Structure formats: structure tokens, C-alpha cells
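Relying on the hints, combine the two individually framed chains into one complex.
Chains as they are written, first to last, in numbering that gives the first Met the number 0: chain A, 0 to 512; chain B, 0 to 158.
Hints in this document: simulated from the structure, not taken from any laboratory.
A couple of the hints might just be wrong.
Which chain B residues face chain A? A few, computed with CB under 7 Å, are given here [stated by the list, open to error]:
#, residue
1, LEU3
2, GLY60
3, ALA83
4, ALA127
Here the structure is a predicted model, which means the values were calculated and not measured.
Where is the CB? At the ideal position from N, CA and C, for every residue including glycine.
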Amino acid sequence: MTTLVYVPGDAGALSLGAGEVARGIAEEAARRRAAVKVVRNGSRGAYWLEPLIEVLTPRGRLAYGPVTTADVAGLFEADFLNGGSHALSLGATEAIPWLKGQQRLTFERVGIIDPTSVADYVKHGGYQGLTRALSMEPAAIVQEITTSGLRGRGGAAFPTGIKWKTVLDQPAGQKYVTCNADEGDSGTFSDRMLMEGDPLALIEGMTIAGVAVGATQGYIYLRAEYPHALRALRTAIAAAHQARYLGSDVAGAGKRFDLEVRVGAGAYICGEETSMLESLEGRRGEVRVRPPLPAVKGLFGQPTIVNNVVTLASVPWILQHGAQAYANFGMGKSRGTLPIQLAGNIRRGGLVERAFGLTLRELLYDYGGGTATGKPIRAVQVGGPLGAYIPASQFDTAVDYEALAGIGAMLGHGGIVVFDDSVDMARMARYAMEFCAIESCGKCTPCRIGSTRGVEVIDRILAGVDGERNVRLLEELCETMVQGSLCGLGGMAPFPVQSALRHFREDFRGRVK
Amino acid sequence: METLPPAESAVVQRIASDLKGRPGPLLEVLHAIQAALGYVPGAAVPIVAEVLNLSRAEVHGVVTFYHYFRRSRPGAHTVSLCQAEACQSMGAAALAAHARRRLGIDFHQTSPDGRFSLEPIYCLGNCACSPAVMIDGRLYGRVTPERFDALVADGAPSP
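Same shape as in the complex, but just chain B (with noise of 0.2 Å):
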């Protein structure tokens, strides 16, 4: 298992010291370490288990159950395109199509430069303008080919 940087370590366990306390606070700290490190550390789960008093298992099952935790480093923009319903009828699979090319990856993959990671998203509460994409949190809709394009020459320019 990969090993945290000493000062990783101690961002992990300061988390889950202060959300403790909370009732239910498992979800909580994980969130909390993923906004701090971009992703939650398989070397995380240890610390966690020790500080909150569950069992390594237990950590690592919710981890793994929810796709929003990320267990490998992103890359500097995540894309998230959505694969949903809405999105398909306005031509969601061209458009991945074009942005598996475009940034050279596939889904759930980071590019080698470290830019992009690239994820499908199940709904992203746009459904009136698809196919919507969200980058670092920022959202867009209608989205053609030509403006996925100028979204990721920018990195991420603010909406």
C-alpha cells in the first residue's frame, strides 16, 4: 500500500479528529479529505478506522460504495460529462465520443500530463439544456463539440 507524505498524514488525521464528534461522520470526513488531497488516499483508511473506531473494512466498503470518492490523484481539471437519459436524446455519446479523442482518455482515466481526468456523471440537473458537462464544479449546458473544445483550451474559464 502507498504510504502518505508526513504532512498528508496529519491533514487526514486532524479531519477526522475534529468531524468525530459528529453523529454519522464517516461520509463527512470523507469529504472532508478528498477537498483537502483531491482524492481519498488508500493509506487514508487506516488513519480514519483508528481515529473514528471502526474497522479498516468498514471504511474501505464506504469508500469504494460511492463513486464521487476518488481513490487516485485527479488530474488539474476534472470533466465530468453527463451520460443520463436527457442528455443521450441531445447526443451525450457523440459528445463523449469527441471528448475521449479530444483529450486522448477514456472514461475514469487521468491524461498523461496530468490536465484532465474524464467522468461520466448520472444527472446533473440540467436536463433542459443538454447535454450539460461540469468542470471543477462548474456547470455548462448545450454543449456542441466546438465549445467543449474552447471549455478545455482554457482549462476552466470561470462561468
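Next up, chain A with everything else stripped away, as it sits in the complex (with noise of 0.2 Å):
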């Protein structure tokens, strides 16, 4: 009888030796005569706990993590093929503490399944949501999408159902779906993680968006620095359009609906659906005056669906156990599932899907178990490098977004990035003036001299330079460019640098002479 082990294919977990490690537990396989297949998953989230390896015993899927190539032989002589103790032994994985308690609808399969396998895919409920949408109306469809309450989680939180209402209601003709799949944020994987671990959910919702509205081309815009998820895409793709869930006759409907990747070119700014729209069509991606919204005059001048990953991802799960279930997760506006990444210098850090509403104390402490450095945590930006620096007074907020609007933050794509009390926030201020600087597409001046001038003052307070009067020339700055700017990177970049002075103007202060 084979043994199935599982050992994620993520790209986070190949950074700390999976693939070392798969290869070290065919070759002791190999060795021992033990009939092992080696199953590529996606990750279970538990970033603190990969290299995580499972296998499928009849108690169900037992953990051990975190593996090394060092451990290889002595989970064999543990006799691990059939849950035997060892000293990495986490038992069931459904039972871990940290996965235990997270509401995983987006992500329940990631970690779960073979990601190349249209077959396992389906066995673990995929594809029920576009055989139920393939049985309604398109009106239908989006209005259960609308009524789910789902809105974009890219970072802009508009509601999916109106955007997608938009263009159904544009005339009949030559209409997309496109995928922002440019996870640009530092402190966000979640795209990622999807994109790796479940494919075909990313592909079943664009499926399911371009019958609702009629369109029959679908891009997914994908950043460069996913050389993986690329891989991963690719191969799913292959695979639907193999079992005719894409192609001109989607799952024996009659309706085509065709799917093709493009990589974007290392540029932040093209995480801005406009400016992804510019890139897709081959040019600078340079950021476009609204209105013509997307919905309206988007791709190569075409009604155009521009959604996030994660939010597409969404939709099979909303369609497969109807619009009221999703809704029945969140608080106040921000219904369903969020899931949120906990990043940087964190003991835990990983993937948690949760409804909204859980606070950010639960998620850094409870979750998070504080530092990785185990120094007292002093800030967390959530958001992207546009989010706001949060204190630990402000750690009671709640992860809804509304909530964090109300403190003059933001909760953007859901990442959470964690400082211990070693950080300088001038510093980190002035990084965000020098990223904005970097990546600002030139189109408009707010954003392009702005950033630049905002580097430079900071320099100056930096330098014990003329402090107070530099400090005010700097919030003028800020303002500036919030009220200036074309799009979200000259208009959010200030955030954190006005949070980082609202809050930790100590850090400023200290150099004023």
C-alpha cells in the first residue's frame, strides 16, 4: 500500500528547504523499499511551522514540522509512514491550535489538495459554485454576489457585485475579466499562497465572473517576482482547459471563456487597475484618469472586470453555498472571511483567514505570539508600504474597514507588518517617501516631485537640520500630495509618514537641534 506524504510545493516553504526535504524523503523511501508517493500541496499558512510535512494515516493527516533534510532519516526510524512520535510530531494537522480556529472558506483547500489535480479539485467541492452559476441568469449571478456583500480585497473595498453590474449592463460585444495578481504590498502573500496552493479557485472565479457578464477572455496580470505562482497558474490552466472547464465549451454549456497569464515587469504601480490596464496592452504603465471607469471602457477600450486574487477566489465559495452563507461571516460592512498575513518580526507568522472583526491584539499576540526577536512590539504597518504605522495603544481596533478608517488607517490587502521597539520611524518615514519615489509612475506632480521633496526634507529633520520648521514643511507635503495626486501611490504614501509623526513623533523630535 502507498503512503501519501505531503510536502508543500509554496514558494515560502521551498525558501526554507522544502524541496530539499521532499527529495530526501523519496530518496529514504527509495532506500527502505517503502511505497511513498510525494504529494506537492500548497501551504497550510503555518509559515513558523514549514518545512510543515503531513501524512495521510487512517487517524486522518498527521503534522510534523519543521523538517530539515537532517530529520529525514529519523522520521523513517520514528516510523512517521504511520504516525509514529518523533520530536517534530504536531499531530493531526486540523487540530493545531493556530489552524484550528481560523474560518478557512477562501482558503479551504490551500494545503489541502494537490494543486495540479483537476480531479482533486473537484473531489474538495470545486467547481460546484460555476455548474450552480451555469444554471442562472447572469443578472442572477452577479446579484448573489452583491448580496454576499464581497468587495474587493485587493485593498479599495469597492463592492464586487456593483463593479460586475457595470459591465453586464454595458452592450453586448467584446468583453474581459482580468486578475490583479500584482501582490505588490510588503507584508502580503495571501495572492500568492492561493495562486500556489489553489489555482483552479482562481480560475473557476474568473470562469464564473465571465458568465455572469458575458465576457470571454480572461487575463491574469502577474507580477514578475512569482516565478512559482506562475508556474503554478500555468499548469492549472493547462489542466481546465485538458477537462473543459475552460475553452469554447465550458463544462459542456456551450459558453467559451478563455484564460492567459501575463507577467507584469517588476513596477508597483501596476498594482493600480488602471495602470494594470496600461501594462496589459503592452505600454508604460502610467496611470489613467477615471472616469472612463474599467467597467466601462477598460482593457484595449472594452468592458472590463479588474479584481483582485483573493476576491475572485471568493466567488466559486459564494456561489457554491449561496450569497447568505458568506454573509453570515463579518461585522458591520465588511462581511465574510478576511485572510489576513501577519508578516515581518513575528513568532507566528502566517496566513490566518478569519471573519472580520477579530482585533489586532488577537491577531499579534494570540496568533502572532508577539516579536520574533521577543523585544515588546512597538508599531505594525497594515495596509502595504501606503498603510498606516498603528501603535500599541491603537491594538484594539478591530480588523474591519471601517474600524480601521476610523483611527486614519487602512486595512488595504490585509497585511500586517510587525516592528519591535528596535525601529526608527523617522527612518521608516522616509523609506516610504523614498519607495513612493521609486515606483511613482511620473504622470502626475504631486506624486513624481513630491515624493522626491519628501525624501529630501526628511533628510534634513534626519540631520538635525532646521527641525520644527522642516517637521511642518513636511506635513505640508503630505497634504500636498493626499490632495494632489492622480492615484493611491502619491495620494496614500504620506499615510504612514503622518502616522509615523502623529504617533512617534519622539523619533522626529529627537533630531531637531
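Next comes the structure, spelled out in C-alpha cells:
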């Protein structure tokens, strides 16, 4: 009898040696003439336990981690293939407390299935959402998404159903579904994990979107920094074609939907939707002035859905289980779940999918266990490089779009970067401006020039030159950028600067002579 | 402007011709050129412009807009160090200083022996395993200076 051993092929797990571990297990099994099949699943998201391997036993899937190649022979000695006890035993994977309390809807299959297998995907509930969608009128599908309360998970949090309705209401003709997979925010990796661990969920979500609005062509705009995700997507798209879930006759329902991955080229700004469309068309990623909205005039001038990976990958669950089931999770106007990413200086980092409403404190301490360095947490940045820095006094804020906006912060794509008390917040403020200067598309003046001037002003503050006056100047500059920039890059890059000034002014004042 | 050896010129010509029928082909063409030659030579610009019926300025504008496209030949190994916030919180700046010393080059430079190019990168999506490094498309997490030395000593071992 062949024993199934799961060793993640996820890029993060590979970065910690999962590739060598997988090879080591296969070699050791061959040496011992043990019948073992190694499945390269996605990551469960508990990166503090990666490489986390699992064995399928009559008692379910049992986990061991973090495993290095040096542990492999010992695991065989301990008879791990039959769930034998070992120093790295973690028990049943589902029972690991860090994972057990999570509410995994969008990530329900990530880390569980073989991401290259349509059969495994279908066995775990895949394509039930599409099957239901194909039995519905397009307007009913869109209504289902609206009722679910799903909002754009890329950061803007715009109601997905309204966007889809706008595209549906455009006259028939060539329409597009585009997926923004340009996950450039530091501290975020949920899109990457999903694309590597359950790419068919994204493919199914885009197919449903195409059926709903009458689009026959989809594009996934993937950042160049994600070569592992590119391979996973291309493999999954080919498999979906082979199984006739893509192509001229989707699931035998007589509708066409084709899908192609396009690779970006290292420009953060291309995560902005109009810039992404420019880039897909083969041009410089300079933002477009809106209106017209992409839903009316988007890719190649045609009506276009632009949604983030997690947004689209949530669609199959909603169609499968119904809008109300999804809306039953969450709080206020933030319905459903959010895959939150604990990153940076954190002891137990990784992906936590939970309904909206838990607090930063629960995430940072109950899940995260405090900092990796063991020092106190001084600040967290939520929502990527354009997100505000939040001090410990505000850690009781709930993870909810409106609650975070209420303290002058933003949830963005759900990444939380943790800093210990060695952080220099004036330096982090300088970095925010520097990053904006590096990544500005150059189209509007407040962003292009403002960010460079911002770096210079902070440099003068850091050098102790005319501190009070330069701090005031910096505040005014931030205001100009917020009010005057064309898109979110220049318009939000001041948020980390302003929040650093507001909550950590001593880091600036110390330099004032 | 540099001139391309005829073989490379033919590669550029073929890539542009093969892909010109695709919707919005320019980025695809540049990716394919960089995959084939390691960079996008300046002399490739007029060839691409001619085949795709674009102006040289348009092609040059796209090549220079995107950080990923190289305009000079890279070293045998490209080492990218994440410099974004999550990695900063775990000592990315100190690792970068170490890498500069170890390789004897700054960011955007190639070592005189042609072995390494060193590049900053803004997020590799490995933020729970910071600091992160990518070498020739392979990702490494929780990279200490010692581990960095081992990685570059091997050139680029398989993960």
C-alpha cells in the first residue's frame, strides 16, 4: 500500500528547504523500499512550522514540522509513515490550535489538495460554484455576489457586485475579466499562496465572472517576482483546458471562456487598476484618469472587470454555498472572511483567515505570539507600504474596513508588518517617501516631485537641520500629495509618514537641535 | 549605440515577429528577449519598434519604465535582496550591507568577474520568512549573513 506524504511546493516553504526535504523523503523511501507518494501541496500558511510535512494515516493527516533534511532519516526510524511519534510531531494537522480556530472559506483547499489536479479540486468541492452559476441567469449571478457583501480584497474594498453589474449592463460585445495578481504590498502573500496552493479556485472564479457578465477572455496580470505562482497557474490553466472547464465549451454549457497569464515587470504602480490595464496593453504603466471607469472602458477600450486574486477566488465558495452563507460571516459593512497575513518581526507568522471583526491584539499576540526577536511590539503597519503605522495603544481596533479607517488607518490587502522597539520611525517615514519616488509612474506632479522632496525634507530632519520648520514643511507636503495626486500611490504614500509623525513624534523630535 | 551580433539580432527579430499578432504584445516581446539574451540590448529597440510598428521612443519608454527589464548584460547569477518593510523589520538593511561587502559591489552593479549582479527588490511575497532573497529565480527565507555566504559560495544551489 502506498502512503501519501505531503510536502509543500509553496514558494515560502521552498525558501525554507521544502524542496530538499521532498527529495530526501523520496530517496530515503526508495532506500527502505517503502511505497511512498510525495504530493506537493500548497502551504497551510503556518510559516513558523514550515517545512511542515503531513502523512495520510487511518487517523487522518498527521503533521511534522519544521522538518529539515537532517530529520528525514529519523522520521523514517520513528515510523512516521504510520504516524509514529517524533520530536517534530504536531499531531493531527486540523487540530493544531493556530489552524483550528481559523475560518477558512477562500483558503479551504489551500495546503490540502494537489494544486495541479482537477480531479482533486473537484473532489474537494471545486467547480460546484460554476455548475450552479451555469444554471442561473447572468443578472442572478451578479445579484448573488452583491448580496454576499463581497468587497474588493485588493485594498480598495469596492463592492464587487456593483462592479460586475456595471460590466453586465454594458452593450454586448467583447468584454474582459482581468485579475490583478500584482501583489506588491510588503507584508502580503495571500494571493501568492492561493495561486500556488489552489490556482483552480481563481480560474473557477474568473470563469464564473465571465459567465456572469458575458466576457469570453480573461487575463491574469501576475507580478514578475512570483515565478512559482506563474508555473502553478500555467499548469492549472492547461489542466482546466484539458478537463474542458476552459475553452470553447465551458463544462459542456456551450459558453466560451479562455484565460491567459501575462507577466508584469517589476512596477509596483501596476497594482493600480488603470496602470495594470496600460501594462496589459503593452505600454508604460502610467495611470489613466477616471472616468471612464474600467467597467465601462477598460482593457483595449472594452468593458472590463478588474478584481484581485482573493476577491475572484472567493466567488466559487459564494456560488456554491449561497450569498447568505458568506454574508453571515463578518461585521458591519465588512462581510465574509479576510485572509490576514502576519509578517515581519513576528514569532508565529503566516496566513490567518478569519471573519472580519477580530482585533489586532488577538492577531498579534494570540496567533502571532509577539515578535520573533522577543522584544516588545512598537508599531505595526497594516495595508502595505501605503498603510498607516499603528501604535500599541490602538491594538484593540477590529480588523474591519470602517474601524481601521476610523483611526486614520486602512486595511488594504490585509497584510500586517510587525516591528519591535528597535525600529526608527523617522527612518520608516523616509522609506515611505523613497519607495514612492522609486515607484511613481511620473504622470502627476504631487507624486513624482513630492515624494523626492519628501525624502529630502526628512533627510534634513534626520540631520538635525531646522527641525521644527522642516517637520511643518513635511506635514504640508503630505497634505498636498494626499489632495493632489492622481491615484492611490501619491495619494496614500503620505499615510505612513503622517501616522509616524502623529504617533511616534519623538523619533523626529530627537533630531531637532 | 552598441550593435548586436547577427545571431542575437536574428533572435530579437524572430521573437518580435512571432509575438506581434498577440494583443498588446510589447511586454511579452521584451520578456522573451530578456529570457533569451539575459537583458534587453539598446540595439534591440529599433528592431522591435520596426516589427511592431511602434516608434523607437515608445519601445524605449516601456523598456525604461519597468525595473525588471535590464539594459546591460547581467552576471552569471542575479542576487535580489528584498528591501521592503517586512524584511527591514528583520534586518534587511544589515543583510544588504553584508551582501555588498561580500560581493564587493553595490546595488545595480555586476561584479568585475561577471559572476554576480546585485539588485534590490520590493517584496518577494515571503514576508513571514524575512529577510528574503532570490537568486536566479529561487527563493530563500530567513537569510542570515552566514546563510547568504553559503548560498553565494555555491553559486546558486537548488532549493
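Evaluation of the provided hints:
Nearest Cβ of chain A to the Cβ of LEU3(B): about 21 Å, over the 7 Å cut. The hint is violated. Of the supplied interface hints, the one on GLY60(B) holds, with its beta-carbon coming within about 5 Å of a beta-carbon of chain A, less than 7 Å. At its closest, the beta carbon of ALA83(B) sits 3 Å from a beta carbon of chain A; the interface hint therefore holds under the 7 Å criterion. With its C-beta approaching chain A no nearer than about 3 Å, ALA127(B) sits inside the 7 Å limit, and its interface hint holds.
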